[in-house]
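Enquirer: Construct all of the structure, not just a fragment, from the sequences and the given hints.
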Amino acid sequence: MKNRKFVNSDIEPKKNGIHHTNGYRSSENIIKSKLTNEHQDNNVATDKYKSIHDSKESFEEAPLITACLTYFGFYLLMIIGYINQLFFEPKVATEKNRDGYVPLFDSFERFYLRYVYRRVKDCWNRPICSCPADTLVLKDRITPDFGWSFEFTGTTTKCLNLGSYNYLGFAQTSGPCAEDSIKSIEKYGIATCNARRELGTNALHIELEELTAKFFGVEDAIVFGMGFATNALNLPSLLSPGCLVVSDEKNHASIILGLRLSGATIKVYKHNNVKHMEKVIVDSIAYGQKNGKPWKKILIILEGVFSMEGSIVKLPQIVEIKKKYGAYIYLDEAHSIGATGSHGRGVTDFYGVDPKDIDILMGTFTKSFGSAGGYIAGSKSLINFLRANSHAHCYASSMAPAVTQQILTSMKIIMGLDGTNEGKKRIDQLARNTRYFRKRLAQIGVITYGHEDSPVVPMLVYLFSKIGAVVRTLTTRNIAVVGAGFPATPIMEGRIRFCLSAAHSKDQLDYALSVIDEIGDKLGLKYSRKPKDPNPIEY
Amino acid sequence: MLQAESSPYIFSVLYDIIFQAPTYVIFLELSLLLLVIWIIIHKQSNGGKHLTQKQKEEIIKNWVSEPLVAEIDENHPALQNNHIVDGPIGKFITVDGIKCLNMATHNYLGLEEYPKIKENAINCIHKYGVGSCGPRGFYGTVDVHLELEERLAKFMDQEEAVVYSYAFSTVASAIPAYCKRTDIIFADECINFAIQKGIDASRSKVVYFKHNDMRDLEKKLQEQAKADQKNPKKAAKTRRFLIVEGIYMNTGEMCPLRELVELRAKYKLRLFLDETVSFGTIGKSGHGITELLCVDIKEVDLISASLENAVESIGGFCVGSHFIVEHQRLSGLGYCFSASQPPLLTQAAISALDIFEQEPRIFEQLNDVAEKVDEQFRYFTKLELKGHPLSPVKHLYLKHVDDLEESEKILRKIADECMKKGLAVVAAEYLPIEKFPPKRSLRITVNRLLTADDISNAYKIIEEVSKSIA
Ligand SMILES: Cc1ncc(COP(=O)(O)O)c(C=O)c1O
Chain A
308 MKNRKFVNSD
318 IEPKKNGIHH
328 TNGYRSSENI
338 IKSKLTNEHQ
348 DNNVATDKYK
358 SIHDSKESFE
368 EAPLITACLT
378 YFGFYLLMII
388 GYINQLFFEP
398 KVATEKNRDG
408 YVPLFDSFER
418 FYLRYVYRRV
428 KDCWNRPICS
438 CPADTLVLKD
448 RITPDFGWSF
458 EFTGTTTKCL
468 NLGSYNYLGF
478 AQTSGPCAED
488 SIKSIEKYGI
498 ATCNARRELG
508 TNALHIELEE
518 LTAKFFGVED
528 AIVFGMGFAT
538 NALNLPSLLS
548 PGCLVVSDEK
558 NHASIILGLR
568 LSGATIKVYK
578 HNNVKHMEKV
588 IVDSIAYGQK
598 NGKPWKKILI
608 ILEGVFSMEG
618 SIVKLPQIVE
628 IKKKYGAYIY
638 LDEAHSIGAT
648 GSHGRGVTDF
658 YGVDPKDIDI
668 LMGTFTKSFG
678 SAGGYIAGSK
688 SLINFLRANS
698 HAHCYASSMA
708 PAVTQQILTS
718 MKIIMGLDGT
728 NEGKKRIDQL
738 ARNTRYFRKR
748 LAQIGVITYG
758 HEDSPVVPML
768 VYLFSKIGAV
778 VRTLTTRNIA
788 VVGAGFPATP
798 IMEGRIRFCL
808 SAAHSKDQLD
818 YALSVIDEIG
828 DKLGLKYSRK
838 PKDPNPIEY
Chain B
2 MLQAESSPYI
12 FSVLYDIIFQ
22 APTYVIFLEL
32 SLLLLVIWII
42 IHKQSNGGKH
52 LTQKQKEEII
62 KNWVSEPLVA
72 EIDENHPALQ
82 NNHIVDGPIG
92 KFITVDGIKC
102 LNMATHNYLG
112 LEEYPKIKEN
122 AINCIHKYGV
132 GSCGPRGFYG
142 TVDVHLELEE
152 RLAKFMDQEE
162 AVVYSYAFST
172 VASAIPAYCK
182 RTDIIFADEC
192 INFAIQKGID
202 ASRSKVVYFK
212 HNDMRDLEKK
222 LQEQAKADQK
232 NPKKAAKTRR
242 FLIVEGIYMN
252 TGEMCPLREL
262 VELRAKYKLR
272 LFLDETVSFG
282 TIGKSGHGIT
292 ELLCVDIKEV
302 DLISASLENA
312 VESIGGFCVG
322 SHFIVEHQRL
332 SGLGYCFSAS
342 QPPLLTQAAI
352 SALDIFEQEP
362 RIFEQLNDVA
372 EKVDEQFRYF
382 TKLELKGHPL
392 SPVKHLYLKH
402 VDDLEESEKI
412 LRKIADECMK
422 KGLAVVAAEY
432 LPIEKFPPKR
442 SLRITVNRLL
452 TADDISNAYK
462 IIEEVSKSIA
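These protein sequence lines are chains A and B, in that order. End of the first sequence = 846 in the working numbering, gap-free, step of one. End of the second sequence = 471 in the working numbering, gap-free, step of one.
Treat the hints as calculated values from the structure; they're not laboratory data. Since we're looking at a predicted model, the values are computed, not measured. Please note: incorrect hints may appear among the correct ones.
Each pair of labels, with its calculated beta carbon distance range [stated by the list, open to error]: (1) K235/B with H583/A: 32 to 40 Å; (2) G599/A with T183/B: 26 to 34 Å; (3) E396/A with D217/B: 38 to 46 Å; (4) K234/B with G599/A: 35 to 43 Å; (5) E514/A with D403/B: 48 to 56 Å; (6) V409/A with D97/B: 37 to 45 Å; (7) G726/A with D97/B: 27 to 35 Å; (8) F28/B with H583/A: 34 to 42 Å; (9) D217/B with P410/A: 36 to 44 Å.
With a straight-line Cα cutoff of 27 Å, these simulated DSSO-like cross-link-like pairs (lysine-lysine) come out [unchecked claim]: (10) K630/A with K746/A; (11) K206/B with K574/A; (12) K403/A with K269/B; (13) K238/B with K269/B; (14) K128/B with K494/A; (15) K220/B with K234/B; (16) K663/A with K746/A; (17) K62/B with K603/A; (18) K465/A with K128/B; (19) K117/B with K494/A; (20) K363/A with K630/A; (21) K155/B with K117/B; (22) K719/A with K400/B; (23) K494/A with K521/A; (24) K403/A with K206/B; (25) K494/A with K119/B; (26) K428/A with K181/B; (27) K403/A with K235/B; (28) K299/B with K403/A; (29) K206/B with K221/B; (30) K557/A with K630/A; (31) K57/B with K630/A; (32) K630/A with K577/A; (33) K422/B with K400/B; (34) K227/B with K211/B; (35) K829/A with K428/A; (36) K813/A with K128/B; (37) K468/B with K421/B; (38) K155/B with K398/A; (39) K490/A with K557/A; (40) K465/A with K428/A.
All residues carry an ideal CB built from backbone N, CA and C; glycine is no exception.
Expert: Have a look at this one:
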């Protein structure tokens, strides 16, 4: 086994230019950090939040020339692809014994995958052979034919993990979570082999539902075996034709699928744009349904932290709108639960909004809890309704015991019920890592999107081919990151996404930042025209 | 680098576009632009209706929303039937503290007997932790996933397999990955709920045929062929699919696969076969209905199955040719947009496959027991048995009650009483939104480890309870 250079805490970051990593603190900085710390206080009035949080969210626009080049580059790729297609036989399987059938796949889609996506295909679906903790071990693979096929080399590479959703660092192979999960396998076996309503309920499920409700401070909760299914299989029972859904344009695929199945009318508002949302609601109520009847009910659907944008939803303003017009809120906290708020209770905790003002609290256990599954929490009547009508509760298999136990133990740690301050430590560590990493990136001069307290950090690289270049270069430097491009993002906005974790140490982040700085020059990633903070960033 | 080289091109390209285009192109574009402007203006007026600010405020003030959800009655069975299961799920199961013979859960093969599965899963936690913390695309592909996919493909003698983290989302994601709005799906009316949702998500036109009725199917195919003749242009673009289950979860019946395969070829349909129940239960080596009925597996375009029944883990998978299955890796919603299966559950499935391959006699044993149950359970006074003799899922229907609600109540009572007497059975639960509400039944599952005594014991309990209640 060829283990390339390890990423571990004793790697010294290169000390060039602005990388001051020593404990030096300027007095200016102390004042600044005091100011920002104040904002974390939970009891500040809503109005104050508006101005504060708007300024904390940043979406710097790309220079015009970059925009033009990005489009141009993309079209160039397509044209080369078309030429390629004319001359070279694709090395792909074809359908056999189905002569005379209508072709199964759309021809543009096929073209796109073969001649555009294939060029960067090696940047996704990379197999790992370790726990996705602060570091991970990649199984090395090579492609002998430009992405048509892959072969394993038999070697592995240990990388710093900036790609997994392990926000609170509960992806662990030892410790209380792993131990308890193992015990639960010994007691209950691997799976329950039935749906919740048909003898698929065990004591762990009941305990988890009670604990989840307590965690949020709401009346009741219900849990499901998969986060995706929590959206896709519950939204249809909550909505019906004649209901209006006001949905953020960046909402997750599972939400969109759930809405499609529900038959409700969907109106989309611009990402995190409260004014536009209000306008959509006002116009919709005023003009009613197409058939002239008034809407039955209006549900605003949004996410806590958006996984591709890194933005945090402007919850206090949205709660105001909801109250003003009598709408309901469905909040998907897949990426925010555990990862935001000083108690790890998600965006309601972050803003100090009463969780009871959110009609439907939804989230997944896949991320911060290092497990699998999803929950919905809210009022007793809501949860009772779901127990009676949820598709997943009635037909889909219930959560596996080990998976349930992992959530129980990690949630107890977050709540401090284990008798230690381990949970608080993790939450603080993540918050610190987030701020530090984002500020240092700004200093380096790359464009990042999103809120300064969001642990999801997208770094814009714009050009499609740069996504591949950055992911590959970072891999050679033992850093694993996620790239995202068209169709997951607009053509214009190819990006690299970093997901921070409480498991990361400062040294690890410093190492990553020094590499980003270095390749930022080489690959031309420093697009930002904002003034840079000349002072060293304190940790 | 790239920036400096390509920027002069932009201008020359722009120049070409503007000055060398023929006049009719410019004319066309101008008229398009006008059309767009016209549409925008029209859209703002909301179909001719225009309200002043004041009118709007008035309407908004008077609008009242319905409650978020309807109040559920406290006596609703979903809130009342809170049976809690304790301990491992095997031939026996502990329900509400009472040890019961298990004819309720879907662990047909009784893999609880093999401690190796648990051991391997525990080792997996030591190596990978519990969750995978990411979808397959983003570092959520663990080597055990690749191993399981390879093993499943080999086991089913197919080119490729794709593993999902949840059985419900497997078939519900696979169908809309292929079937689009302009396509037609022919489906059996007794298909399970996950398939129904997959069909809904595809938005294709659906034609349901009567349960396992090939005449009815052919009639509907002929009708479609006639319609196609009238509109050959549209027909040339319409893909056609046939979706059936190997053994139907909701009836326990087996599909007539040979006839289906003939119709598939005759009418150029693509056949999707869901083996939720039949995978790992029928056929000499547990390969499912294609093996049992000796149908060439290449005749079927896509097979989907669950890892939650015979395999006793959580998840699902699809197998088929490389050409078909690969597509799901970018188009299967539940595959792309959800965290991958927790490695310990993947490992459990691999260990189960080991047993499938090493000890194929377990399938024979299961089939034997299924047939024995079938023989004995025909003679209830008040209940009627349905389902294929080999099927591990069987249904007991009330002989004299047809009303759905009424029979539901009686069956639940029977199930509850049986559990008190040491036999776990369930009244199958369905939501009111089922396309064709299935007739209510007691759903019996067969466990490989049941002995002749167990079966006659179960028979006695059900007979006694059902006689006193129904
Ligand atoms: C907003 C949102 N909702 C739901 C999900 C699905 O969760 P799971 O991975 O647990 O299926 C995700 C996962 O990426 C998500 O980002």
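Enquirer: Next pair to validate is K630/A with K746/A; report whether the Cα-Cα distance is within 27 Å.
Expert: Judged against 27 Å, a Cα distance of about 36 Å means the pair is violated.
Enquirer: Within a Cα-Cα threshold of 27 Å, do K494/A and K521/A meet the stated pairing?
Expert: Within the cut-off at roughly 25 Å; holds.
Enquirer: Can the restraint linking K465/A and K428/A be considered satisfied, given a maximum Cα separation of 27 Å?
Expert: Measuring from Cα to Cα gives roughly 21 Å; hence the hint holds.
Enquirer: Hint says 32 to 40 Å; check whether the CB-CB distance for K235/B and H583/A agrees.
Expert: holds (39 Å)
Enquirer: Are the Cα positions of K813/A and K128/B separated by 27 Å at most?
Expert: Holds, at about 25 Å.
Enquirer: Would the pair K206/B and K221/B pass a check requiring their Cα atoms to be no farther apart than 27 Å?
Expert: Status holds; Cα separation ~13 Å.
Enquirer: Assess, step by step, whether the Cα of K299/B is no farther than 27 Å from the Cα of K403/A, and give holds or violated.
Expert: It holds: about 9 Å lies between the C-alpha atoms, which stays within 27 Å.
Enquirer: Run the distance test for K403/A versus K269/B: straight-line Cα separation, threshold 27 Å.
Expert: holds (13 Å)
Enquirer: Is it true that D217/B and P410/A lie within 36 to 44 Å of each other by Cβ?
Expert: 29 Å Cβ-Cβ, so the 36 to 44 Å window is violated.
Enquirer: Return holds or violated for the Cβ distance of E514/A and D403/B against the range 48 to 56 Å.
Expert: violated (41 Å)
Enquirer: Does the alpha-carbon distance linking K238/B and K269/B stay inside the 27 Å limit?
Expert: Between K238/B and K269/B the Cα gap is close to 13 Å, so the pair holds against 27 Å.
Enquirer: Is the Cα-Cα distance between K468/B and K421/B 27 Å or less?
Expert: Within the cut-off at roughly 16 Å; holds.
Hints 5, 6, 9, 10, 16, 22, 39 from the earlier list are contradicted by this structure; the remaining hints agree with it.
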